[in-house]
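*Asks:* One-letter residues, chain by chain:
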Amino acid sequence: MLEPADRQRFERMVMPHHDAAFNLARWLLRSRADAEDVTQEAMVRAFRFIAGFHGVDARAWLLQIVRNACYTWLEKNRRADLTTEFDETIHLQPHFPATQSPEAAAVASNERERLMKALETLPARSREVLVLRELEGCSYKEIATITSIPIGTVMSTLARARDGLKRALNPSTGRDAGGKEVHRDV
Amino acid sequence: MTCEVSQALLHGYLDGELDPLRAEEFERHLESCSPCITQLEEQESLRASLRAAKLYERAPAGLASKIERQIANTKSESDYQWSWVPIFRWIAASAVIVLLLVVTYFGAGRLLSGRSGVEQAALAEVIDAHIRSLQPGHLTDVTSTDQHTVKPWFDGKLNYVPPVRDFAENGFPLVGGRLDVLNGRSVAVLVYGRRKHFINVFVWPESPNESANSAIGTRNGYQWNYSRAHGMEFCAISDVSATDLHDLSELLQE
Numbered sequence: 000m001l002e003p004a005d006r007q008r009f010e011r012m013v014m015p016h017h018d019a020a021f022n023l024a025r026w027l028l029r030s031r032a033d034a035e036d037v038t039q040e041a042m043v044r045a046f047r048f049i050a051g052f053h054g055v056d057a058r059a060w061l062l063q064i065v066r067n068a069c070y071t072w073l074e075k076n077r078r079a080d081l082t083t084e085f086d087e088t089i090h091l092q093p094h095f096p097a098t099q100s101p102e103a104a105a106v107a108s109n110e111r112e113r114l115m116k117a118l119e120t121l122p123a124r125s126r127e128v129l130v131l132r133e134l135e136g137c138s139y140k141e142i143a144t145i146t147s148i149p150i151g152t153v154m155s156t157l158a159r160a161r162d163g164l165k166r167a168l169n170p171s172t173g174r175d176a177g178g179k180e181v182h183r184d185v
Numbered sequence: 000m001t002c003e004v005s006q007a008l009l010h011g012y013l014d015g016e017l018d019p020l021r022a023e024e025f026e027r028h029l030e031s032c033s034p035c036i037t038q039l040e041e042q043e044s045l046r047a048s049l050r051a052a053k054l055y056e057r058a059p060a061g062l063a064s065k066i067e068r069q070i071a072n073t074k075s076e077s078d079y080q081w082s083w084v085p086i087f088r089w090i091a092a093s094a095v096i097v098l099l100l101v102v103t104y105f106g107a108g109r110l111l112s113g114r115s116g117v118e119q120a121a122l123a124e125v126i127d128a129h130i131r132s133l134q135p136g137h138l139t140d141v142t143s144t145d146q147h148t149v150k151p152w153f154d155g156k157l158n159y160v161p162p163v164r165d166f167a168e169n170g171f172p173l174v175g176g177r178l179d180v181l182n183g184r185s186v187a188v189l190v191y192g193r194r195k196h197f198i199n200v201f202v203w204p205e206s207p208n209e210s211a212n213s214a215i216g217t218r219n220g221y222q223w224n225y226s227r228a229h230g231m232e233f234c235a236i237s238d239v240s241a242t243d244l245h246d247l248s249e250l251l252q253e
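Residue numbers (numbering that gives the first Met the number 0), protein chains in the order written: chain Z, 0 to 185; chain U, 0 to 253.
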């Protein structure tokens, strides 16, 4: 029978990546609660299609499914997220008072908060590439597989995303480096 | 200030995704480009703070078991496939049988009566080519009863190697070979003798979408015999009898 073998394969190859699935969903949806629902739904979906998976990179395969589930969810529940472009004047200044805490721990947690918010202001397409690269440690090739964009585009999207992040962190300074580009085609 | 040329390269370099050649090129560029050095340093420190911030968010503790529970009650697609397999098998098997019957009936019928558009056109071309070859001086490009002379003659003239054999012992002496054009492409033609008649055998590589393995017929008073063997398709045409053509066809398929 095929069924027990499939369940084993899923346990062995896909389940270990459920953290990666959640992390991507959390950053795409910008909410832990929504990410939990969508991750669960996507994992079950992955299970149903496990028989059709013959590749070696189960993580990329799973993340592809998770990503699709996230975009479907956003389209249904938060369309604006997909169309809103990066706009530092709306998103940023109010969130980021100068971090001058004397306590190192406080600085660190503040810094984390600041980075988190900055990452969340990026458009979804930039954010996902950055999350896959910097948090998930994916290669360009894996990112290309997961997001279905060419490798060259992965590289330029990353360049834009990082510039965007830099500007989000230093709203006053970073307008020079490719700033116009971010507005034009993200 | 930014260096326009190297923006994307810089990120590829930062991520270790450039091939060695381009990485080296970029390093050489770095030596003379201070904006790129600054940019690279900034990106490295941005990455360091991203790492330090530990933004990776693990799944909540209960999620894995929630997923496990739901999966326990879920069928995978292969489960569905499994339950449907016997039914699909029967449907597929019946479909194949029906298809075979249809192909045998219509395919052979079409070839024999020459009713299908494509085959009719091909057959007409074969017959025209055959008639043309019987004009003085048109029969062969290379005239030799020696297969070792005829075969090398085709070298470089076609993108395949037609099997050239002399069947003189069986009453079909090799006369020679020539190039002809069928369906807009060059094909090899082997010319055999049969008493005082000539037989043209058109040879071209097998195409996978042909249905029939062999077929025979008469058209404009000419006998034709189509067969496939050794990865080639053969169409023999002549004014000899169908039996003679059949014999030659058997030899070709050996």
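Watch out, some of these pointers could steer you wrong.
Away from chain U, derived, C-beta distances all over 12 Å, residues of chain Z [unchecked claim]:
hint : residue
1    : Asp18
2    : Gly54
3    : Arg124
4    : Asn169
Just a few of them, taken from the derived set where beta-carbon distance is under 10 Å, the chain U residues facing chain Z [to be verified]:
hint : residue
5    : Ala7
6    : Ala51
7    : Gly61
8    : Ile130
9    : Asn182
10   : Gly183
11   : His196
12   : Ser206
13   : Gly216
Quick caveat, the hints were computed from the structure, so don't treat them as lab data. Even for Gly, the Cβ is constructed at its ideal location relative to N, Cα and C.
*Asks:* Hints first: check each against the structure and report whether it holds.
*Replies:* Cross-check of the supplied hints:
1. With 12 Å as the threshold on Cβ separation, the claim that Asp18 (chain Z) sits away from chain U is violated: the shortest Cβ distance comes to roughly 5 Å.
2. Taking the minimum C-beta to C-beta distance to chain U, about 16 Å, the non-interface status of Gly54 (chain Z) holds against the 12 Å cut.
3. For Arg124 (chain Z), the shortest C-beta to C-beta distance to chain U comes to about 16 Å, beyond the 12 Å cut-off, and the non-interface label holds.
4. The non-interface label for Asn169 (chain Z) is inconsistent with chain U: the shortest C-beta to C-beta separation is roughly 10 Å, within 12 Å.
5. About 5 Å separates the beta-carbon of Ala7 (chain U) from the nearest beta-carbon of chain Z, less than 10 Å, and the hint is met.
6. Against a cut-off of 10 Å between C-beta atoms, the interface hint on Ala51 (chain U) holds, since the closest Cβ of chain Z lies about 7 Å away.
7. Among the interface hints, the one on Gly61 (chain U) holds; its C-beta lies about 9 Å from the nearest C-beta in chain Z, closer than the 10 Å criterion.
8. Checking Ile130 (chain U) against chain Z: minimum C-beta separation of about 55 Å lies over 10 Å; hint violated.
9. Given the 10 Å rule on beta carbons, the hint for Asn182 (chain U) is violated: about 39 Å separates it from the nearest Cβ of chain Z.
10. Proximity of Gly183 (chain U) to chain Z is violated relative to the hint, the smallest CB-CB distance being about 37 Å (cut-off 10 Å).
11. Interface restraint check: His196 (chain U) against chain Z, minimum CB-CB distance 58 Å, threshold 10 Å, status violated.
12. Interface hint at Ser206 (chain U): violated, since its Cβ lies 30 Å from the closest Cβ of chain Z, which is beyond the 10 Å cut-off.
13. For Gly216 (chain U), the interface hint is violated, since its Cβ never comes within 10 Å of a Cβ in chain Z; the closest pair sits about 47 Å apart.
When the structure is compared with the earlier hints, violations turn up for hints 1, 4, 8, 9, 10, 11, 12, 13 and for no others.
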